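2 protein chains.
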Amino acid sequence: MTADFVKILITAPFHEQTLDKMKNNYQVDYFPELAKSEIEKIIHDYHIFVISTIPEIDQNLLKKARNLQLIIRMGIGVDHIDLDYCLKKHIKVHITPRANILPVVELVMSQLIHIMRRLQPAEEHLRAGQFRKALTPGSVLSGKTIGVIGAGRIGSRICQVARFFEMNVLACDPYLSQTKKNHIPAHQWVDVNTIIQQADIVTFHVPLTSETHHMVDEVLLGNLKKGGVLINTARGKIIDLKAVEAFMQKRQDIHFIFDVYENEPEIPEFMLNQQENFTLTPHIGAYSIESKQKRSEECLEQIHAYFSGKKVHGRIDLKRGY
Amino acid sequence: MTADFVKILITAPFHEQTLDKMKNNYQVDYFPELAKSEIEKIIHDYHIFVISTIPEIDQNLLKKARNLQLIIRMGIGVDHIDLDYCLKKHIKVHITPRANILPVVELVMSQLIHIMRRLQPAEEHLRAGQFRKALTPGSVLSGKTIGVIGAGRIGSRICQVARFFEMNVLACDPYLSQTKKNHIPAHQWVDVNTIIQQADIVTFHVPLTSETHHMVDEVLLGNLKKGGVLINTARGKIIDLKAVEAFMQKRQDIHFIFDVYENEPEIPEFMLNQQENFTLTPHIGAYSIESKQKRSEECLEQIHAYFSGKKVHGRIDLKRGY
Numbered sequence: 001m002t003a004d005f006v007k008i009l010i011t012a013p014f015h016e017q018t019l020d021k022m023k024n025n026y027q028v029d030y031f032p033e034l035a036k037s038e039i040e041k042i043i044h045d046y047h048i049f050v051i052s053t054i055p056e057i058d059q060n061l062l063k064k065a066r067n068l069q070l071i072i073r074m075g076i077g078v079d080h081i082d083l084d085y086c087l088k089k090h091i092k093v094h095i096t097p098r099a100n101i102l103p104v105v106e107l108v109m110s111q112l113i114h115i116m117r118r119l120q121p122a123e124e125h126l127r128a129g130q131f132r133k134a135l136t137p138g139s140v141l142s143g144k145t146i147g148v149i150g151a152g153r154i155g156s157r158i159c160q161v162a163r164f165f166e167m168n169v170l171a172c173d174p175y176l177s178q179t180k181k182n183h184i185p186a187h188q189w190v191d192v193n194t195i196i197q198q199a200d201i202v203t204f205h206v207p208l209t210s211e212t213h214h215m216v217d218e219v220l221l222g223n224l225k226k227g228g229v230l231i232n233t234a235r236g237k238i239i240d241l242k243a244v245e246a247f248m249q250k251r252q253d254i255h256f257i258f259d260v261y262e263n264e265p266e267i268p269e270f271m272l273n274q275q276e277n278f279t280l281t282p283h284i285g286a287y288s289i290e291s292k293q294k295r296s297e298e299c300l301e302q303i304h305a306y307f308s309g310k311k312v313h314g315r316i317d318l319k320r321g322y
Numbered sequence: 001m002t003a004d005f006v007k008i009l010i011t012a013p014f015h016e017q018t019l020d021k022m023k024n025n026y027q028v029d030y031f032p033e034l035a036k037s038e039i040e041k042i043i044h045d046y047h048i049f050v051i052s053t054i055p056e057i058d059q060n061l062l063k064k065a066r067n068l069q070l071i072i073r074m075g076i077g078v079d080h081i082d083l084d085y086c087l088k089k090h091i092k093v094h095i096t097p098r099a100n101i102l103p104v105v106e107l108v109m110s111q112l113i114h115i116m117r118r119l120q121p122a123e124e125h126l127r128a129g130q131f132r133k134a135l136t137p138g139s140v141l142s143g144k145t146i147g148v149i150g151a152g153r154i155g156s157r158i159c160q161v162a163r164f165f166e167m168n169v170l171a172c173d174p175y176l177s178q179t180k181k182n183h184i185p186a187h188q189w190v191d192v193n194t195i196i197q198q199a200d201i202v203t204f205h206v207p208l209t210s211e212t213h214h215m216v217d218e219v220l221l222g223n224l225k226k227g228g229v230l231i232n233t234a235r236g237k238i239i240d241l242k243a244v245e246a247f248m249q250k251r252q253d254i255h256f257i258f259d260v261y262e263n264e265p266e267i268p269e270f271m272l273n274q275q276e277n278f279t280l281t282p283h284i285g286a287y288s289i290e291s292k293q294k295r296s297e298e299c300l301e302q303i304h305a306y307f308s309g310k311k312v313h314g315r316i317d318l319k320r321g322y
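As they're listed, the protein sequences go chains A and B.
Per my numbering, the first sequence starts with residue 1, numbered consecutively.
Per my numbering, the second sequence starts with residue 1, numbered consecutively.
Bear in mind the hints are in silico, worked out from the structure with no lab data behind them.
Each hint should be verified, as a subset may be incorrect.
Same chains, same label: a pair holds when it works inside one copy or across any pair of copies.
Calculated lysine to aspartate or glutamate pairs in the DMTMM-like style (CA-CA distance at most 25 Å, straight line) [said to hold, decoys possible]:
hint, residue 1, residue 2
1, Lys-64, Asp-79
2, Lys-7, Asp-45
3, Lys-237, Glu-264
4, Lys-133, Glu-33
5, Lys-319, Asp-173
6, Lys-64, Glu-40
7, Lys-180, Glu-166
8, Lys-133, Asp-79
9, Lys-181, Glu-166
Computed from a prediction, not measured in an experiment: that's the story for all the values here.
Extracted from the complex, chain A is given alone in its bound form (with noise of 0.2 Å):
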C-alpha cells in the first residue's frame, strides 16, 4: 500500500503543526476524544488508528476494524487493548516511550529527594520566621539503597541516576536479557524479595499485566524496611490500596509517593487524610506543556518507519504484553 491511501484516525490529543505534515503524506481524520460507539461505526475505514489512554480496545472494536494493521498508543501502557485479540487478527500495537521517560524519572527523583531531605518543612519553617531553629535535619541519597523494579525503558534511568547520587542500588527484571542488564549501572540484580527487605527506597517501573496486578499486597508491605519510601509511578492497578489501608493502621514509619492509584481519578480517602505519609500527584508522570508535541512527534516518525521498512522503537511484544 502506497502511503497516500493510508487512512488514519486520530482520537487522542495531537499537536496541531505535527498534525499539518502528517497530512502531507496520509490521510488523516483528527476527531480529539470521539465516544466509543461513534469510532465502532467509522473504524472499518482506517488502517492506523491513534489513541490515548481511551477507548478501551476490546474485542467488539477489533472486529469492526477490518482494515486495521496498526493501533499506536500516544504515551505508555496497553493494558486497555486487548492484545491477545490484536495478535490473532495481526495488528501491530505501538507506544511513544520516548516522551514519557526522563519527565518521569524526573517526577520520581524530585518528589524522594523533597521528601528526604525535608524541603517542605524547611520552607515552612522559614517562612514561620524560624530559620533553620529547631528544624529536623532530612537525609541525603548518598549510602541508601534503592530498589529499582523494573528495568526497562524508565527503571534503567532510574538506576543511571541513582549511581549518580551515589545510592546503593538493587534491580531486578526477571524478563530482562544478560546483554541489556550488562548496560545497567545496578550493584545487584535480585528478585523481588530481596528489594523489599533491603531497600530503603523502592520504586516501581513495571508495566501492568496479570504478574503484576495487585504485587503490592498486605504481605509485601509488611516485609518493607522500618522508615522507608515506596515509589508508584507506574500504574495503579500494580498496587492494593487496601492493603495500603489496613498497613496504615499497623504502621505509620512509611512514606509513599504516588502519581498513580487504581481506580483514579478516585483517591482513596486516608491518603487524603494521612498528609504527613503521602505525597501525592494526579497522573502527571508524562503530563506536561513539551509532551503532546513530543509524543505527536513520536507517532509520526514511527508511521513513517512503519511504512518504509525501518525497525521501528516502541513496538509492543503481543504475546509478552509489554
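Given chain A, work out where chain B should sit, using these hints.
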C-alpha cells in the same frame, strides 16, 4: 612534630565516634560553639583549629594563635576567615568540601524540577478533589538551557546531571583550566552575560569574593530571559536583595530558588509575601542527618594527611581566596 603532641581545638559540631577516633592520635579539646572571647583566651595553645561558619577568624584572633598551623573549616565557604593574614602567618586553611557537593546538587535539582513541573499545584489540585482537571501543565527539563556560573566541585556535577536530563548546558568559570574544563560536559563555555541572556535557568556555584559580591544586581536581573528561574545555593551576599526587590516591582516572570541570603537568618518581607515567585529554604544545602559524620570523617582524614605529608584535598589557595 609527632602526632601525640598535636593539640586540636574543635568548636564546630562534631561527630562523637569520629571525635573518639581522633583522640586516639591527638590531644583534642571539643568545646562546641565556644564564645569567641573564650576562644581568644585559649587559642595560643593549639596547632589545629576546627571551626564552622563561626567564629570570625580575624587578625585579632590570629595574633593570639601563635602556635596555629592549620584551620579546618567544616563545610564550604571561607569568607569569614582573614585569608591574607593567614598567608602572612603561614597558617594553612582547609575546607571539607566532599560532604557538601551532592547534597547541594540534590537540593538544586529537586527544587528546580518541583517548580518546573508544578508539583505543588498538582498535589493541591488532587487534594481539592480535582485530580488533573484544569491543571496547568508544567515543563520538563529536556531541551531547556541551564547556565551554570562557577563550575568547580558543585557546578561541574550540576553540568553532569543536567546533561543526563537532556538539557542544553552553558557554563562559565574564568578560573578553571582548560584541562579541567575538558572533563566537564558543558555544551559551551561562555561568559556570565551570555548565560544571563540565553539560559532558561541560571544557577550560581561561586565562592564569595570581592568579585562575586553583589554580582547579581539590577543590571544582571534586567537581562534575564523571560519566564526563567534563578537559583542561589552558594552564598547569600552574591545577590543584592534590594536589587531583587526593585526588579520585582517591574517584572514578576522570574522564579527564584534561594537557600542562602545576604543577611541570613533575616529574610526580606517581599520574599515572604510573594510566595509564587520564591521557593525558599533556610541554608540547608549541606544540612542533613549524615552531614556531621561525613564532615567529621573528612576533617580527621585531612589531619592525618597533613601530618603524614600526603596530598590533602580541600586546601584553600590563600591568594586566590577559595
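Going down the list of hints, with the structure as the test:
1. Lys-64 with Asp-79: Cα proximity of Lys-64 and Asp-79: one copy only (20 Å, versus 75 Å across).
2. Lys-7 with Asp-45: Within one copy, since 7 Å is at most 25 Å while 88 Å is not.
3. Lys-237 with Glu-264: Within. Shortest intra-copy distance 10 Å satisfies the 25 Å Cα cut-off; inter-copy 47 Å does not.
4. Lys-133 with Glu-33: Only across copies: Lys-133 and Glu-33 sit 15 Å apart there, 53 Å inside one copy, limit 25 Å.
5. Lys-319 with Asp-173: within (18 Å within a copy, 54 Å between copies)
6. Lys-64 with Glu-40: Within. Shortest intra-copy distance 7 Å satisfies the 25 Å Cα cut-off; inter-copy 90 Å does not.
7. Lys-180 with Glu-166: Classified as both; 22 Å inside a copy, 22 Å across copies.
8. Lys-133 with Asp-79: Classified as between: cross-chain Cα gap 23 Å, same-chain 50 Å, threshold 25 Å.
9. Lys-181 with Glu-166: For Lys-181 and Glu-166, the Cα distance is within 25 Å both inside one copy (19 Å) and across copies (23 Å).
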